[in-house]
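A.B. asks: Chain by chain, the residues run as shown.
Protein chains: 2
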Amino acid sequence: MVYIKGYECTICNSQYEVNEKLHTCPKCGEKGILEIIYDYQKIKSKMTKSYFANCTDNSMWRYHYTMSVEPGLRSKYLRVGGTPLYKAKHLCDIMGFKKIYIKDEGVNPTASLKDRASAVAVADAVALKAAIISCSSTGNAASSLAGNAARIGMNTVIFVPERTPEGKLSQLLIFGAKVIVVKGSYRDAFEMSQKAIKKWGWYNRNAAINPHLVEGKKTVALEIAEQMDWKVPDWVAVSVGDGCTIAGVYKGFHDLLQLGIIDRIPKLLGVQSDGCSPFVNAYVKKQKIEPTEENTIADSISVGIPRNPVKAIRAVEKSGGSWIAVSDHNILKAMKTLGSNEGIFTEPAGAASLEGAEEALKLGIIKPDETICIIATGNGLKDTKNALEIAGKPIYIEPDMNELIKIIGK
Amino acid sequence: MVYIKGYECTICNSQYEVNEKLHTCPKCGEKGILEIIYDYQKIKSKMTKSYFANCTDNSMWRYHYTMSVEPGLRSKYLRVGGTPLYKAKHLCDIMGFKKIYIKDEGVNPTASLKDRASAVAVADAVALKAAIISCSSTGNAASSLAGNAARIGMNTVIFVPERTPEGKLSQLLIFGAKVIVVKGSYRDAFEMSQKAIKKWGWYNRNAAINPHLVEGKKTVALEIAEQMDWKVPDWVAVSVGDGCTIAGVYKGFHDLLQLGIIDRIPKLLGVQSDGCSPFVNAYVKKQKIEPTEENTIADSISVGIPRNPVKAIRAVEKSGGSWIAVSDHNILKAMKTLGSNEGIFTEPAGAASLEGAEEALKLGIIKPDETICIIATGNGLKDTKNALEIAGKPIYIEPDMNELIKIIGK
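Same order as they appear, the protein sequences are chains A and B.
Residue numbers are given in our numbering: position 44 of the first sequence equals residue 44, and the series is strictly consecutive.
Residue numbers are given in our numbering: position 209 of the second sequence equals residue 209, and the series is strictly consecutive.
Treat the hints loosely; a few may be bogus.
No copy labels: a pair is met if it fits in one copy or bridges any two.
Said to hold, decoys possible - Under the rule of at most 27 Å between Cα atoms (straight-line distance), these lysine-lysine pairs were calculated in the DSS-like manner:
{"id": "1", "residue 1": "K129", "residue 2": "K362"}
{"id": "2", "residue 1": "K385", "residue 2": "K336"}
{"id": "3", "residue 1": "K178", "residue 2": "K336"}
{"id": "4", "residue 1": "K31", "residue 2": "K21"}
{"id": "5", "residue 1": "K21", "residue 2": "K198"}
It is worth saying that the hints were derived from the structure and are not from the lab.
Looking at chain A on its own, in the form it has when it is part of the complex:
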């Protein structure tokens, strides 16, 4: 059973009843992304501390009282969520943080945070008896949709831009998705998918359109809070593409605050690559979002026209947070720092969060005595080509001890 009151348009604030099956606001069209409104009073009596103490489900459905979709038999799905939160002592020593935590989303079933949204989409599609689910994606949303849908026996049509890395492409194809590579940018792939979804009536898993997906993504924030025993960090840093993930992170903490489980929302640090930073540009110039180039190796956040600007901007603003852009070179360096000091191999978009936090600390945006949590959004194995650029080189030798002695020393 779900505890939704209804939907509210993020643009015109119109409210809609729960029994109207909507994705976007009928008045504002595709840009009128909806927010799901919960009945927190009812949830309060369910999601208590003793509920958590006794709950044996370690997947994201552990938080089902604050979710908008009911999955039915959970064992039919991939097990999403329940990812580890690591206290990263070595990074404190190196970077000067007081306390820093890494949320490793790369150990989700298809190796990214996007599994949280895709699992919700698949559960909703099952409830609606959809035959096909579709989305456009820079990679992670697509592979997570393909994997989660395959598990439940549902077909997928996935639109990806040309630059999708091999690792992500191989996942899609192994999961049996029909993969359409659109010769063009992410925006071309997105527009093709929207047209196709409309024409053929497929279930729409585009996160910026479908309001349920943010409700899946937000479980990462609920988990962080619970893993920190409901004492949330001062900051949470997350890289931003379309804007849905950071919106989800905000919503998760917002829910917990409404429920009286936490006493404040962490400040959110939105991180982008300086090769593709429409949010940061708008923040710095105090103007509306303008389309930018998509010129970054962090493919998961290479989004020149973000599809969920309203929710993302509000999330950072309401949390009292900030925006920052970092260079691709520094993202790769952060990837190596995280891997070699904490044993966590994350994709460029994950490393961007760490790099953003380090630079925010240097700039005084993050204060030296503040605690921070980094969301490592996906597994580095998804994009080994970029990793190999910064990783260093192996040493090649013949099977001969004398060669080895030259390298190691006597």
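For chain A, the structure is supplied; the task is to place chain B on it using the hints.
C.D. replies: Frame of chain A, contents of chain B only:
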């Protein structure tokens, strides 16, 4: 506190006290691999059903009473184990199994089952105050060692054969390991590592030498049993390289039987590629293990001279199980079948287990009414090159709806 009685040589059966710090039998040399003997009477009073009901640790250290190494503060390590066990209904429909389960080891921190052994090695090395850990590996053992050691701040020297896939290599380097690529086969890499470990006094993480590592690997069996509510399947299928993993699987079930928690040990199906099948050859020809070529795409099990033959052969024999070899082509087909029907993307060595089980069913080795569990040993993202060979092709189109209509239909 650990509940070890002592060590027993797998060759000459000599017994050694727990306070002798041994890796192999002093009488038999390097081939005298030791078995760790537990005090099951003492463990019985600890590892009860109520212990499991109240234990909140979902990592492999949940089973610490039957492990030979004590990690100290667990939060300092990567979170290893606690991987999902999926009931795979679609595979039953396709392959004719009565009931089949998939243990997805690819969601471990460095994306393979080997994390279980490496975590134990690192904990032991910490206890022994070692400065450097070393191993030779076809890939997974190496990357798991590098990641688990990085997390704890310990240096690693890793010897790999030339054919190591890019995904595994990128992991090693990102984790900051000193990587020595030995121009030659796995056996060349292994021999170089043994010489170097001896010369420089490094901690030895070669699984076939260090008896503690099987004790980490066995936790996969303990988890499977617990996840099935202690009603174990008739068969467990696992691919075999050196032989340590299947030995660990046996040991895990053996422990549970000694503790009276389960009532029988599942039959073990040892699966190899027909391009590198020393165990299967020995089984079929009823003779000793002979070195073979290492001619398979399943790099994790491409081991021409297995280093742990005694434990592996005994494991299969004592369980009443069997051996089977499958072709690389069929391994890749099984990879696609598993991915597209269950949403699990496993590496070739993981898919080999599934292919072996299917062929064993066709041959009548596995009976139609028997239940089976497949161990998917590692994540498919580690080796996307091979995956792309079988995965199928994406469809490339211009951003033009007319092109799409040609593909999807009206």
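A.B. asks: Which earlier hints can't be squared with this structure?
C.D. replies: Checked against the structure, the only hint that fails is number 1, while the rest are satisfied.
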